[in-house]
Amino acid sequence: MGLREQDWSALEAKSTTLRIRRVHLFLFYYSLCFLLIPGVLSGFQDAVHITAILGESVVFNCPVEFPADHAVPYVLQWEKKGVEIPIYIWYDSYPTHSGEGYEGRVSRVAPDSHYGLASLNLTNIRETDQGWYECKVVFLNRSPNSHKNGTWFHLDVHAPPRFSVTPDDIIYVNLGDAIILNCQAEGTPKPEILWYKDANPVEPSGTIGIFNDGTELRISNIRHEDIGDYTCIARNGEGQISHTARVIIAGGAVIMVPPTNQTKLEGEKVQFSCEAKALPGNVTVRWTRESTPVKEVAALETRVTIRRDGSLVINPVSADDSGQYQCEVTNGIGDPQSASAYLSVEYPAKVTFTPTVQYLPFRLAGVVQCYIKANPPLQYVTWTKDKRLLEPYQTKDIVIMNNGSLLFTRRDGQPMQRNRVRISGGNITIESLRRTDFGFYQCVASNEVATIVTATQLVVEGTQPHAPYNLSANASEFAVTLTWLPGYSGGPDYKQDYTIWSVPLQYQHYH
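Numbering of the sequence shown is given in full-length UniProt numbering, commencing with residue 1 and proceeding in unit increments.
Simulated from the structure, these hints should not be mistaken for lab results. Among the clues, some could well be false.
To be verified - The calculated label-pair distances, taken between Cβ atoms and stated as ranges, are:
#1 66 x 94: 12 to 22 Å
#2 199 x 84: 47 to 57 Å
#3 96 x 65: 20 to 30 Å
#4 162 x 218: 16 to 26 Å
#5 103 x 48: 18 to 28 Å
Claimed, not checked - Lysine-lysine pairs mimicking DSSO-like chemistry, simulated, CA-CA at most 27 Å apart:
#6 80 x 190
#7 264 x 295
#8 350 x 385
#9 373 x 350
#10 385 x 373
#11 350 x 269
#12 277 x 197
#13 373 x 264
#14 277 x 295
#15 269 x 295
#16 264 x 350
#17 387 x 350
#18 190 x 81
#19 373 x 387
#20 373 x 269
Values in this document were obtained by computation on a predicted structure and should not be read as measured data. Using N, Cα and C, we set each Cβ at its ideal position, and we do this for glycine too.
Sequences and hints are given; from them, build the entire structure.
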């Protein structure tokens, strides 16, 4: 559907109005150079001087004098010397213009305030805002020379001191060294730099000097009396700030809390301390076990931790962890310092090796093996044979060895010793094995932690067969069934035959 004639007329009217507003705006922003009236003051000698603090706000008071005291339309423009584009332009209901860097910081003062109608409010003042500003008022539809409005302002921006360069908080030195403490500050007016040592002004001497407008404090050939706190103070009319640097003589790491010997039960946790101090305090702690770094000991790999405070933790400890542990500390200055402690792990007596069945030759020396390990050391070891206590002082030719084993010794035709059995440190020695030594032996080991029992069978080879045992009979009306367990045959190459003897009840003789 096409547009009606009256619709076209309405559109043309709106378009004309829009073109007129654009023409006006063009005239305001681009033809002001022909309409601007210079300020009342011909130079800067009578300018208004304003001082502002960094970050604060300021108002440039600029009144407007209308021709014949009759209000007429006008354009307000603020310029800064050295900036090509005005920093602020205002006209009635049109959008205002703010120059680069002034966006959101410049605005026209409210008309109902006690300031002039052309006054400008500048907020969040920066150091770069310092300089010359000119207020210009342009009356529209008037000859450029018919009336003049405007004034010059100079803005001084003061800022309290702020450090741009400071020395380190802590400076480590050696006697005889030379150092430079650098302290620089910015601010308006330019800050003054002062130096103090331990709250007293620094006095220049043959080894101490202040250079470069006070920004550098130089110390050569440092002595003990040069050690202390050096404070740099920067001050101006707007404030004062300070920074302190501590000069300290560097020293190697020193162990303050060394490790101590400890005794732990197997399965518990142990912690060895190794607290050190040093200047500088970048202490490195290294732990070793029997001269090997603990991290490289395979048995400790998953159970050892070195904490940030330098302490060593083993959790849980095992029997094989007993030994000497050493911590070594260093901060790169001087020789490392070390301290050591011994770890003793207590655990129940345990049999480390014993065969279930052991074969020994008849009439020759032999050992019934029973190796025992314990911490604290064994209190005693006892042996039983076939569930009966085996007393060494009652049995000849048997000795308990140091590792807990039984030793059967050979007689060699010599007269039999009075005792065949000796017990020493958990080992038993039996001299000149006999057929009757055959049987089951129990080794009983005990210490303060626990008592354990292990068993083994002693088989003496090359002997007569042993009698069967566990004989039983099951009789019926016409038969009897005998069962038994065979005794030891005397050796693996011997075959056993059995003969059954019977005695009739009515007779007392064997048949």
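Now for the hints, and whether the structure bears them out:
Taking 12 to 22 Å as the suggested C-beta distance range, the pair residue 66 and residue 94 conforms, at roughly 20 Å. Separation of residue 199 from residue 84 is about 53 Å and conforms to the stated range, judged on CB atoms against 47 to 57 Å. Taken as a hint, the range 20 to 30 Å holds for the pair residue 96 and residue 65, whose Cβ atoms sit roughly 22 Å apart. Separated by about 24 Å at the C-beta atoms, residue 162 and residue 218 satisfy the suggested range of 16 to 26 Å.
Checking the proposed 18 to 28 Å range against residue 103 and residue 48 shows it holds: the Cβ atoms sit about 25 Å from each other. For a cut-off of 27 Å, the pair hint linking residue 80 to residue 190 stands: about 24 Å separates their Cα positions. Proposed proximity of residue 264 and residue 295 is supported: the alpha carbons are some 21 Å apart, at most 27 Å. Only pairs whose Cα atoms come within 27 Å are accepted, and residue 350 paired with residue 385 is accepted, the gap being roughly 20 Å.
Note on residue 373 and residue 350: the hinted pairing holds, with a Cα-Cα distance of about 5 Å set against a maximum of 27 Å. In summary, the hint linking residue 385 to residue 373 is supported, as the alpha carbons are separated by about 22 Å, within the 27 Å threshold. For the given pair, residue 350 sits about 21 Å from residue 269 by alpha-carbon distance, which is consistent with the 27 Å threshold. For the given pair, residue 277 sits about 26 Å from residue 197 by alpha-carbon distance, which is consistent with the 27 Å threshold.
Between residue 373 and residue 264 the alpha-carbon distance is near 17 Å, which keeps this suggested pair within the 27 Å criterion. Taken as a hint, the residue 277 and residue 295 pair is honoured in the structure, with Cα atoms around 24 Å apart against an allowance of 27 Å. Proximity of residue 269 to residue 295 is assessed by CA-CA distance (about 17 Å); at most 27 Å being required, the pair is judged to hold. Restraint check: the Cα-Cα separation between residue 264 and residue 350 comes to about 17 Å, which is no more than 27 Å; the hinted pair holds.
Between residue 387 and residue 350 the CA atoms are separated by roughly 20 Å; this keeps the pair inside 27 Å, and the hint holds. Distance hint between residue 190 and residue 81 is fulfilled; the C-alpha atoms sit about 23 Å from each other, no more than 27 Å. Only pairs whose Cα atoms come within 27 Å are accepted, and residue 373 paired with residue 387 is accepted, the gap being roughly 23 Å. Taking the CA atoms of residue 373 and residue 269, the gap is about 22 Å. The hint holds against a cut of 27 Å.
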